[in-house]
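Enquirer: Let the hints inform the model, and build the full structure from the sequences given.
Same order as they appear, the protein sequences are chains V and E.
Going by our numbering, the first sequence opens with residue 1, and the numbers climb by one from there.
Going by our numbering, the second sequence opens with residue 1, and the numbers climb by one from there.
Check before you lean on any hint, since a few could be wrong.
[Unchecked claim] Far from chain E by the CB rule (all over 12 angstroms, computed), these chain V residues:
{"#": "1", "residue": "Q23"}
{"#": "2", "residue": "C28"}
{"#": "3", "residue": "T84"}
{"#": "4", "residue": "L135"}
[Claimed, not checked] List of simulated lysine-lysine pairs, BS3-like, C-alpha gap at most 25 angstroms:
{"#": "5", "chain 1": "E", "residue 1": "K150", "chain 2": "E", "residue 2": "K179"}
{"#": "6", "chain 1": "V", "residue 1": "K143", "chain 2": "E", "residue 2": "K15"}
{"#": "7", "chain 1": "V", "residue 1": "K228", "chain 2": "E", "residue 2": "K169"}
{"#": "8", "chain 1": "V", "residue 1": "K100", "chain 2": "V", "residue 2": "K143"}
{"#": "9", "chain 1": "E", "residue 1": "K138", "chain 2": "V", "residue 2": "K100"}
{"#": "10", "chain 1": "V", "residue 1": "K100", "chain 2": "E", "residue 2": "K150"}
{"#": "11", "chain 1": "E", "residue 1": "K169", "chain 2": "E", "residue 2": "K65"}
{"#": "12", "chain 1": "E", "residue 1": "K169", "chain 2": "V", "residue 2": "K237"}
{"#": "13", "chain 1": "E", "residue 1": "K150", "chain 2": "E", "residue 2": "K76"}
Worth flagging that the hints you see were computed from the coordinates, not collected in a lab.
As the structure is a computational prediction, the values presented were derived from the model and not from experiment.
Just so it is clear, CB atoms sit at the ideal spot from N, CA and C, and this is done for glycine as well.
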Amino acid sequence: MKIRIPFISQRSHQESPYSIEVQELTKCFGNFTAVNHINFNVRKGEIFGFLGANGAGKTTAIRMLCSLLQPTSGSARIAGYDLTTQPKLIKKHIGYMSQKFSLYDDLTIYENMQFFGTIYGIPRRELKDRIYASLEQLNLQDKSNALVYSIPLGWKQKLAFSTAMLHRPEIVFLDEPTSGVDPIVRREFWNLIYEAASQGVTIFVTTHYMDEAEYCGRVSIMSNGQLKLIGTPTELKEEMGVNTIEEVFVKFVER
Amino acid sequence: MSVIRVENLSKSYGKVKALRQVGFEVAEGEIFGVVGPDGAGKSTLFNILTTLLLPDTGNAYVFDKDIRKDYLEIRKHIGYLPGTFSLYPDLTVEENLIFFATMYQSSIRDNMVLIKPIWKQLLPFKKRFAGKLSGGMKQKLALCCALIHKPSLLFLDEPTTGVDPVSRKEFWEILRSIKNQGITVVVSTPYMDEATLCDRIALLQEGAFIKMDSPANIINGFQGNLVTLQTEDIFSLLNLMQHCGLNCTFYPYGEHLHVIFYDSLETALPKFEVFLQENNVTYQDIRQIDPNIEDCFISIVEKGGDASR
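Expert: Shown next, in the form of structure tokens:
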């Protein structure tokens with residue numbers, strides 16, 4: 001028997017202009033402080049780039065923001081929900097995609113989308129419509145029965161993004177979505193990001209391609225668990241007196 | 001002298017053609033880069049040349065020895081850093097290195113000179129399990145293990161994928177010093193900016209070499225005229241450009257828009273500026289620039305009329 005809980009909005013910051021609000025967020029593993037009192041807000045519909053050297057604490061921070069990991073101290077509101085008390089509601093309202101795992105190779109394109117859509121509880125008929133709409137946007141209508149392992153990586157990444165968007169999340173977390181992808185597909189992927197952002201979806205993205213950092217509304221750079229640099233690409237370049245985000249990054253991490 | 005000679009090499013996995021009639025040579029002492037996205041066939045090529053995988057058709061010779069027959073001899077003289085971490089996670093850093101040295105009947109002391117600069121960075125973690133190292137440190141340990149028997153030829157499969165820009169720079173400095181010790185290096189990467197650090201590169205796309213030359217020659221051979229400009233909202237402009245009706249390829253490049261015109265700029269550029277003005281696009285800093293390898297890749301692939309993606 002299904003137990004139905006009446007829908008009561010549990011969001012307290014309904015009117016907040018931010019979809020991510022982070023205060024003094026900290027995570028320790030034993031003696032090691034992986035994330036050290038970070039603070040930032042991300043506006044609704046903003047494309048927010050989250051950069052940093054390997055081992056700077058990015059992955060730990062993202063895992064906390066997705067409510068997969070509880071912080072040692074500090075607080076955060078994600079899509080209006082509290083990180084410590086409402087992790088389940090957060091999971092319902094965000095999307096997530098990583099380079100490493102995104103889709104099941106031995107399911108077809110359609111089956112993958114159906115699987116993820118069903119997990120998020122999208123009603124069956126509605127889901128079917130949404131899947132076909134996504135496939136049309138990607139120009140993959142004829143390929144819905146192809147096994148995912150047989151399709152090129154570029155398609156896979158775009159498909160994974162659309163799949164992460166099926167339940168219409170308010171925020172989507174993209175962890176190195178374009179790693180290893182060719183220059184043309186990388187740009188096609190960013191077109192999808194821009195389209196989603198223009199519809200009001202907040203994009204939180206990590207990348208090691210510094211040219212992609214320039215496509216973000218604002219960029220932050222983590223180093224040794226701390227978040228010290230945050231601003232628009234233009235602001236950061238002016239502040240550091242350089243011409244590209246790559247130079248900003250190198251200067252910041254090396255100092 | 002050619003260290004590697006490859007003729008018409010093909011390999012399929014079921015219906016998927018991983019390599020299609022690839023042919024090339026690598027000269028002694030050069031850094032040869034195989035540049036291409038995931039799934040282009042880079043690892044298949046590396047596994048064949050390191051004698052771990054047999055090709056379906058075609059021939060390959062390493063030090064003039066046949067990869068089919070003389071694989072034992074070849075293995076003695078090559079080092080291989082595969083794309084996935086392949087050391088023993090439950091051995092310490094030092095134990096891993098000793099293990100690999102012993103396998104090749106060498107010792108750490110014999111070839112310490114070769115790995116000293118990298119090994120120094122690993123020393124503080126000597127007693128740590130390899131599985132507990134950070135990504136960058138794992139990569140450095142793997143490189144030490146691939147070098148400890150002093151190979152004459154080193155294969156590196158995507159050593160910098162997922163690595164941050166600062167560590168990538170460091171890694172390439174290490175590669176330079178390896179080359180300076182007379183070791184031939186074959187390295188693959190999905191990063192176009194690393195291509196310029198190689199002596200020669202092959203651009204690999206869907207199992208075939210679409211271009212092979214020195215980075216400078218590839219850039220010199222760029223077909224078309226490249227123009228850059230800046231505008232507030234690149235993505236609106238990209239949508240608008242779909243209808244510009246000019247013979248060109250356009251794409252965002254960092255904070256700039258790049259446009260490759262296939263007609264002469266004298267006629268194309270004024271038309272383009274009229275188009276921008278008619279659509280009330282505010283732009284600045286419009287000028288012709290020299291292409292880099294990424295521009296070349298895009299231009300080559302786009303002109304190949306690639307419809308398979």
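Enquirer: May I ask you to check that V:L135 keeps its beta-carbon over 12 angstroms from the closest beta-carbon of chain E?
Expert: About 15 angstroms separates V:L135 from the closest Cβ of chain E, which puts it past 12 angstroms; holds.
Enquirer: Taken at face value, is the distance from the CA of E:K169 to the CA of V:K228 at most 25 angstroms?
Expert: At roughly 23 angstroms apart (the allowed maximum being 25 angstroms), E:K169 and V:K228 satisfy the hint.
Enquirer: Are the Cα positions of V:K100 and E:K150 separated by 25 angstroms at most?
Expert: violated (33 angstroms)
Enquirer: Would you mind confirming whether the straight-line C-alpha gap from V:K143 to E:K15 stays at or under 25 angstroms?
Expert: holds (16 angstroms)
Enquirer: Would the least Cβ to Cβ distance between V:T84 and chain E come out above 12 angstroms?
Expert: Given that every Cβ of chain E is farther than 12 angstroms from that of V:T84, nearest at about 29 angstroms, it holds.
Enquirer: Determine whether the non-interface label on V:C28 survives the test: each CB of chain E must be over 12 angstroms from its CB.
Expert: Given a closest Cβ separation of 17 angstroms, the condition holds.
Enquirer: Given the hint that E:K169 pairs with V:K237, test it: the Cα-Cα distance must not exceed 25 angstroms.
Expert: Judged against 25 angstroms, a Cα distance of about 20 angstroms means the pair holds.
Enquirer: Taking only the CA atoms, is the gap from E:K150 to E:K179 under or equal to 25 angstroms?
Expert: holds (12 angstroms)
Enquirer: Holds or violated: V:K100 with V:K143, Cα cutoff 25 angstroms?
Expert: Holds - the C-alpha atoms of V:K143 and V:K100 are around 23 angstroms apart, at most 25 angstroms.
Enquirer: Just to be careful, I want the Cα atoms of E:K169 and E:K65 compared with a cutoff of 25 angstroms; is the pair within it?
Expert: Not satisfied, since the Cα-Cα distance of roughly 34 angstroms exceeds 25 angstroms.
Enquirer: Given the hint that E:K138 pairs with V:K100, test it: the Cα-Cα distance must not exceed 25 angstroms.
Expert: Given that 25 angstroms is the threshold and the Cα spacing comes to 18 angstroms, the pair holds.
Enquirer: Taking only the CA atoms, is the gap from E:K150 to E:K76 under or equal to 25 angstroms?
Expert: Holds, at roughly 10 angstroms.
Of the numbered hints given earlier, the model fails hints 10 and 11; all others are met.
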